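Please take these sequences and the hints and turn them into a complete structure.
From first to last, the protein sequence lines stand for chains A and B.
Read in the working numbering, the first sequence has 26 at position 26, and its numbers run on one by one without any break.
Read in the working numbering, the second sequence has 174 at position 174, and its numbers run on one by one without any break.
Treat the hints with care, as some may be off.
[Said to hold, decoys possible] Dumping the calculated DSSO-like pairs for lysine-lysine here, alpha-carbon to alpha-carbon at most 27 Å:
id, chain 1, residue 1, chain 2, residue 2
1, B, Lys84, A, Lys39
2, B, Lys193, B, Lys84
3, A, Lys314, A, Lys291
4, A, Lys39, A, Lys207
5, A, Lys219, A, Lys86
6, A, Lys86, B, Lys164
[As the list claims (entries may be wrong)] Partner residues aside, some chain A positions facing chain B, computed with beta carbon under 10 Å:
id, residue
7, His2
8, Tyr6
9, Gly31
10, Thr32
11, Met38
12, Asn52
13, Thr74
14, Ala99
15, Leu103
16, Met106
17, Val186
18, Leu187
19, Tyr237
[Stated by the list, open to error] Taking CB as the label site, the calculated pair distances span:
id, chain 1, residue 1, chain 2, residue 2, range
20, A, Ala14, B, Gln117, 22 to 32 Å
21, A, Gly197, B, Gln114, 53 to 63 Å
22, B, Gly183, A, Arg194, 36 to 46 Å
23, A, Phe144, B, Arg181, 21 to 31 Å
24, A, Thr126, B, Pro58, 41 to 51 Å
25, A, Phe58, B, His166, 26 to 36 Å
26, B, Glu168, A, Arg298, 39 to 49 Å
Read the hints as simulated data drawn from the structure, not as lab findings.
Fair warning: this is a prediction, and the values are worked out from it, not measured in the lab.
Glycine included, every Cβ here is placed at the ideal spot set by N, Cα and C.
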Amino acid sequence: MHPFSYSSVNDAAAAVREQATHSHSTFIAGGTNLLDLMKENVARPAHLIGLNQLPLAFVEDTPEGGLRLGALATNANTAYHPEVEKRYPLLSQAILSGATAQLRNMATNGGNLMQRTRCYYFYDLTTPCNKREPGSGCSALGGFNRIHAILGASEQCIATHPSDMCVALTALDALVCVQGPQGERVLPFADFHRLPGSTPHQDNNLKPGELITALELPKQGFAQHYHYLKIRDRASYAFALVSIAAVLELDGDTITEARVALGGVAHKPWRERAAEELLIGQPTTEATFTKAASYLLRGARGYGHNDFKIELAKRGIVRALQQAAAEPRGPRALPWA
Amino acid sequence: MNDDQDSPSTGQSTLPAASEITAAPAAFGKYRAPTRAAFGLTSPVETSSVHLTINGQPREFHLAPWTTLLDALRLYAGLMGTKKGCDHGQCGACTVLVNGTRINSCLTLAVMQQGQQITTIEGLGTATSLSALQQAFIDHDAFQCGYCTPGQICSAQGLLYEGKAHTEDEIREQMSGNLCRCGAYVNILAAVKEVVDAQTA
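Structure representation (structure tokens):
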């Protein structure tokens, strides 16, 4: 690792102040992705600001009937929290399908949003990468791109966002609470991450010095009809080739509300309200689900090795919606179920 | 090279003088931690005092910020049971327990664990008093080369504390962060299952 200095802070305001006093400083919480990137010399901060003393490990009710997940609550403590298991089982299922027990015990909710792509070329300092080195080019476009994006990519970058948790948070319409030099603000989850466009080095819309303090889940948790389907190269501990978070509200066999978010296919979790509207008022049939799937993938483009993802995503969406529409699953959410 | 010569003042050794080692001397055997010169640094490395309770013993170290918990345990505490496999959180060989929770010690800095209770394989049992998991690994021949074993056992101990895995499928899933290149998975599963069953019986 490149040498750096380290300081620890006790509250969010101090963290924001501390960042302003050090050039090239970065917050560190779980560190599971950041330290890996630092060992690879992809990230070379001059100063780390340790956040683990901040009182942000809570999971608590909101006055509106929702749930606030502290930015420093670990992925494991969030996924296994009784209120999350009971009211937001989709989120439990998505978190537990990612990484390993050890990593989930370290990784935090805020850090999950901040993790970088696992594009091989981003990690490989010997190859051009616009995300790592703006203007140097994209090696994945004409290279090995089996794990890369099929939606919303640009000629500058076809990387994907690797998170499972964020796909569920997108479907659940979560909010991201941040604190920065200009004070506090709240971002809708869909506005947090960015598409690559011509600025692939920017993963998200945080302003310089801003710190995630909490995620807020609205009251509606879709605890009856939900499914997180993760399709990957091995049964455990692998990133998604394609993942689908699907939730439904049903009146008998008729769909009254639907959300579908996709992971592994774009630079951010992918969701389109128009596709969900196609499902409203329709019966829970394969034909209905196929229509929505085709709509979601209508603009998809493969880059050679990842062409298979387009058909895989369509079939996955149908499957996930079928699973969600099936009998209420109850609160127990196991990743392989 | 004279292994008995611990002092660099003989002029024969390429080891640095103890006074040059600002990033904390290694307490273990003949190993010397890299000096600042090894990093091409000309100014002294700023170390900070890190207090860890390791296997029940309070310890203090003076460490550079980039010292991982894994390196602190192996190089500064002299506890070689915890293994460095991939050093990127992919293999699980470095698994230890922090306040009873299993983590990859390669992916956290020692300074981030200030004041925490660390349990390594050395803290789970001794040669004359094996832990239930250690005994089960022997009984089931759950290793070949043994390199992944301390991590496997620490991870399985964390799994027991978590109490989320009961069936074989659940144990497989919950142990997926520990790789074994010898492929002893079938016997590792049997060993862990035996202890899980005994604890829930």
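We went through each hint and held it up to the structure:
no. : hint                               : verdict
1   : B:Lys84 with A:Lys39               : holds (14 Å)
2   : B:Lys193 with B:Lys84              : holds (26 Å)
3   : A:Lys314 with A:Lys291             : holds (9 Å)
4   : A:Lys39 with A:Lys207              : holds (26 Å)
5   : A:Lys219 with A:Lys86              : holds (12 Å)
6   : A:Lys86 with B:Lys164              : holds (16 Å)
7   : His2                               : holds (8 Å)
8   : Tyr6                               : holds (4 Å)
9   : Gly31                              : holds (6 Å)
10  : Thr32                              : holds (5 Å)
11  : Met38                              : holds (8 Å)
12  : Asn52                              : holds (6 Å)
13  : Thr74                              : holds (8 Å)
14  : Ala99                              : holds (8 Å)
15  : Leu103                             : holds (6 Å)
16  : Met106                             : holds (5 Å)
17  : Val186                             : violated (28 Å)
18  : Leu187                             : violated (27 Å)
19  : Tyr237                             : holds (4 Å)
20  : A:Ala14 with B:Gln117: 22 to 32 Å  : holds (26 Å)
21  : A:Gly197 with B:Gln114: 53 to 63 Å : violated (41 Å)
22  : B:Gly183 with A:Arg194: 36 to 46 Å : holds (43 Å)
23  : A:Phe144 with B:Arg181: 21 to 31 Å : holds (25 Å)
24  : A:Thr126 with B:Pro58: 41 to 51 Å  : holds (45 Å)
25  : A:Phe58 with B:His166: 26 to 36 Å  : holds (29 Å)
26  : B:Glu168 with A:Arg298: 39 to 49 Å : holds (43 Å)
Hint compliance for this structure: hints 17, 18 and 21 are not met, and every other hint is.
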